[in-house]
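Student: If you want the building blocks of each chain, they are given just below.
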Amino acid sequence: MIPIYYFLILSAVLFVMGTVGFLIKKDLITQFMCVEVMLNAANVAFIAFARSASSLNGQIIVFFIITVAAAEAAVGLAIILLVYRQKKSIKTEDSSLMKG
Amino acid sequence: MIDIFWLIPLVPALSTLILAVFGEKLPKKYISFQACGAVFISFLISLYSFLGLLKVSPEEYPIVKNLFTWIHSGNFQANLSFQFDPLTAVMALVVTAVGFLIHVYSIGYMAEDRSYSRFFTLMNLFTFSMLVLVMASNLVLMFVGWEGVGFCSYMLIGFWFEKHSAANAGKKAFIVNRIGDAGFLIGMLFILVYVGSTEFSNINNAVAGGSLSHGLVTLIAILLFVGATGKSAQIPLYVWLPDAMEGPTPVSALIHAATMVTAGVYMVARMNIFYTTSETAGSVVAIIGAVTAVYAGTMALTQNDIKRVLAYSTISQIGYMFIGCGVGAYAAGIFHLYTHAFFKSLLFLAAGSVMHALSGELDMRKMGGLKKYLPYTYPTFLIGAIAIAGVPFLSGFFSKDAILTSAFAQGQYFVWILGILGAVLTSFYMFRLIFLTFHGKERIEPEVKKHIHESPPVMTVPLAVLAFFSVIAGYIGLPVVLGKNVNWFDRFLAPIMHKGHEAHLTIGTEWLLILISVIVALTGIFIAYFFYLKKPSVPHTLVRRFPFLYRLLYNKYYIDEAYDYLFVRPTLKGSEFVYDKFDINIIDGAVNGAASGTGFFGKVLSFLQTGFIKDYALVFLLGAVILLGLLIF
Amino acid sequence: MAVFLFILLSLTCIGSILGMILSKNQAHSALYLILAFVCTGGLFGLMSAPFIAAVQIIIYAGAIMVLFIFVIMMIDIRKGLSPERKKWILYPSLGIGLVLIIELIFILSNTLVPSKAGTIESFGSPKTLGKVLFTKYLYPFEITSVLIIAALVGAIVLVKKKEEK
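Chains as they are written, first to last, in this note's numbering: chain V, 1 to 100; chain C, 1 to 633; chain S, 1 to 165.
Bound-form chain V, shown alone:
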């Protein structure tokens, strides 16, 4: 059997990669992908804990996370498309109407 903490450390690495990716990428689509990576990191951790605790609840939660991620991707991508239509660009820097 593979020790649990291998998975947990993998989960942490994936999460930080997603975070850093979100910060350094400059277009909305790749940033959105980075968010998906962060979600996946959480999934890995849940699955690992589910096995270590011998409880199915962790797997169920992952199932729901995937469902929510699907819904989120649909709406998020629709919004990205709208932004592109308005600004003719998907660069995050071009959307700065909130500037104080």
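If you're looking for bench data, these hints aren't it; they were derived computationally from the structure. You may find that some hints are simply not true.
To be verified - Label pairs and their computed distance ranges (CB to CB):
id, chain 1, residue 1, chain 2, residue 2, range
1, S, 27, C, 592, 55 to 65 angstroms
2, S, 27, C, 619, 26 to 36 angstroms
3, C, 620, S, 3, 33 to 43 angstroms
4, S, 76, C, 597, 43 to 53 angstroms
5, S, 145, C, 592, 52 to 62 angstroms
6, S, 105, C, 620, 16 to 26 angstroms
7, C, 586, S, 147, 49 to 59 angstroms
8, S, 3, C, 601, 56 to 66 angstroms
9, S, 162, C, 597, 35 to 45 angstroms
10, C, 620, S, 12, 26 to 36 angstroms
11, C, 619, S, 54, 35 to 45 angstroms
12, C, 619, S, 76, 26 to 36 angstroms
13, V, 87, S, 3, 42 to 52 angstroms
14, S, 73, C, 596, 50 to 60 angstroms
Said to hold, decoys possible - Calculated lysine-lysine pairs in the BS3-like style (CA-CA distance at most 27 angstroms, straight line):
id, chain 1, residue 1, chain 2, residue 2
15, V, 88, S, 161
16, S, 24, V, 88
17, C, 614, V, 91
18, S, 162, V, 87
19, V, 88, V, 26
20, V, 87, V, 26
21, S, 162, V, 88
22, C, 371, C, 441
23, V, 88, C, 614
24, V, 99, C, 603
25, S, 160, V, 87
26, C, 614, S, 24
27, C, 614, V, 99
Idealized CB from N, CA, C, for every residue including glycine.
The hints should help you fit chains C and S onto chain V, whose structure is shown.
Tutor: Leaving out everything else, chains C and S in the frame of chain V:
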């Protein structure tokens, strides 16, 4: 059968709601039907509950119906609960019976008015508030009714608000009442703090049990009485009532004669334990009442406005009620309240009928000889005048006599003498009114004379009914000299009144006192007859002889002017000063300064708000990392 | 054998995510991400969660990523990429990332639980998972359908072009 009594105030409330929402769209006939019907149903329920109350043994008083808990905060609890006991029964019957007749009369009197539905909405609302006032089982709910009737009074005095004087009179009534209300409110808070409850039964137990010091009882009693002087137009807060005559006459009859202005008397009677426990407070009440009775009587002597004479007469009569309450004869005070409601509303409605006949004329100098034009109004008016003057065998005689006898029996001779003096004045100015209006030569303006007519039956029938009651209402409270148990009214109220020390007069003294009252009443009438019918020149001679006194009385002792100089103008000046210096510079400065300061910091901080998602994400993440670090280390 | 598989899958996963981040072309990024998701799916399989592994590959690597590629297709990529104005954000981001991973590993090393010995053979099989999903989690499961419908309608409403008047 008594347990439906809590419906009494709810019927007019329902009617008010319907009229307030749909009133403008409903036909006049329906409005009249509903408004009068609601009050009549209330009256029937009151009567039913009253009959039920007679079967209940006095130990069970008061019967309380708790609808729900209204306010609950810490130890303080105020319930929306009604109670029914003899005092409430009397008040509820008077309010609904007189109220119903006046509602009916208003159908005729207000027939041509544009704001017909507004009038009846407010009249119903008033009936509801007044019933809440008299039926409330705690001070807080009573205060709700108290403010409710004040509000209706304000709205109805200023009913014809296009008229500047009417709008001002409404404001005056409201503001003067507020001064009294402040006293009431402070008294109520004292009770709340020291008794811990505002339920009447708890207050009675606390005071009777002696858990309040004597000084505190006196203080609370005086504070409550301040409220009563405001509502019931006693010295020094009486100034609003004469001006309140700007309202429609049925309003003057219902609110400013029969019911609302007597709320103060009701309140003193309801809180009678305070005035019995503290003799000082009782004496204050009695003396204020007596002084007011005479003082208002003198002002009524010289007025030429028919409604103003009646207004001063009301102030004076309420003074009598307070004499009764002050000397511990609460039943007598309430008895006078009850008889006064009939004959004073009769007088007002009859005066309204006279105005109606004369196209709104109020000045008695432009009347005279109306007897033959108004065959129904004249006899009813005369009955009312006789009743109020205290001529034997009519209601006013019994109640006034009961009060004066009690005052004498309690050794309050000063109060008694003032009362007798007031009685002379009462019969004098009432018959001056009768003689100037209905007898003598006609001084009616020719233009008015063409339209002169008796009022329609919808107005004269209520007059007749009220006249009937003005005659017979007194027979439920016959004087003690006629037998031990003839004073049914006294016995009915006795279980809830706390008697001070009893004082008995000999039969001979009692007869003597009655004789004095009769002589006094007849003297007043005779002087009026002599002055205004026999030798009309006498009043003019007197005016020329004592010009100062006449001017003093005619101008109502210049009290309005004095109040104006003492209170109104300094307040205005002070307000203007505060507005100029304090408000503009300091308050506005502080507010504007706060705004511009916030704006400045906002500008500075807005540099942080770059509008770039990544900057926000970076800061957000930084925060998360720091928090996580704090959690770990 | 399992450890070898784990190392292979996790390294591929990390590598493909690196590739996703470093790639200049969104379409390439999306393809890298699909690879990463397939790898995580394999990892789920290693963790005795075969059903979730299948779901991961079908929905994530299949449906969602197709959606991504579809959107990328509709966007003119070359026009969308002009030189970055704020280059400096790279360094603080990397710094914070470093601190974060140290913190996370520290926390995880403190909370590691020894795995319970003797897991049942059928643990995580579609049958057992299905039983739990349709009994204990029936209502949440049904409600997700509402969520998905709402997302569907929302996406259509957002993207639909307004009719010109």
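Student: Take the hints in turn and mark each one as holding or not.
Tutor: These are the hints, each one checked on the structure:
1. 27/S to 592/C: 55 to 65 angstroms: holds, 58 angstroms
2. 27/S to 619/C: 26 to 36 angstroms: holds, 31 angstroms
3. 620/C to 3/S: 33 to 43 angstroms: At roughly 37 angstroms between Cβ atoms, residue 3/S and residue 620/C fall inside 33 to 43 angstroms, so the hint holds.
4. 76/S to 597/C: 43 to 53 angstroms: Roughly 48 angstroms apart at Cβ, these two residues keep to the hinted range, so it holds.
5. 145/S to 592/C: 52 to 62 angstroms: holds, 56 angstroms
6. 105/S to 620/C: 16 to 26 angstroms: Because 21 angstroms falls inside the window, the suggested range holds.
7. 586/C to 147/S: 49 to 59 angstroms: Since the Cβ atoms of residue 586/C and residue 147/S sit about 56 angstroms apart, the hinted range of 49 to 59 angstroms holds.
8. 3/S to 601/C: 56 to 66 angstroms: holds, 59 angstroms
9. 162/S to 597/C: 35 to 45 angstroms: Holds - the Cβ-Cβ distance for residue 162/S and residue 597/C, about 44 angstroms, lies within 35 to 45 angstroms.
10. 620/C to 12/S: 26 to 36 angstroms: holds, 31 angstroms
11. 619/C to 54/S: 35 to 45 angstroms: holds, 40 angstroms
12. 619/C to 76/S: 26 to 36 angstroms: holds, 32 angstroms
13. 87/V to 3/S: 42 to 52 angstroms: Holds, at about 49 angstroms.
14. 73/S to 596/C: 50 to 60 angstroms: holds, 53 angstroms
15. 88/V to 161/S: holds, 15 angstroms
16. 24/S to 88/V: holds, 19 angstroms
17. 614/C to 91/V: holds, 11 angstroms
18. 162/S to 87/V: Satisfied, since the Cα-Cα distance of roughly 17 angstroms is no more than 27 angstroms.
19. 88/V to 26/V: Cα-Cα ~15 angstroms, so holds.
20. 87/V to 26/V: Holds, at roughly 15 angstroms.
21. 162/S to 88/V: holds, 17 angstroms
22. 371/C to 441/C: It holds: about 11 angstroms lies between the C-alpha atoms, which stays within 27 angstroms.
23. 88/V to 614/C: holds, 20 angstroms
24. 99/V to 603/C: Answer holds: residue 99/V to residue 603/C is near 12 angstroms, not above 27 angstroms.
25. 160/S to 87/V: holds, 17 angstroms
26. 614/C to 24/S: Holds, because 18 angstroms separates the two Cα atoms, which is no more than 27 angstroms.
27. 614/C to 99/V: holds, 13 angstroms
When held up to the earlier numbered hints, the structure conflicts with none and fits them all.
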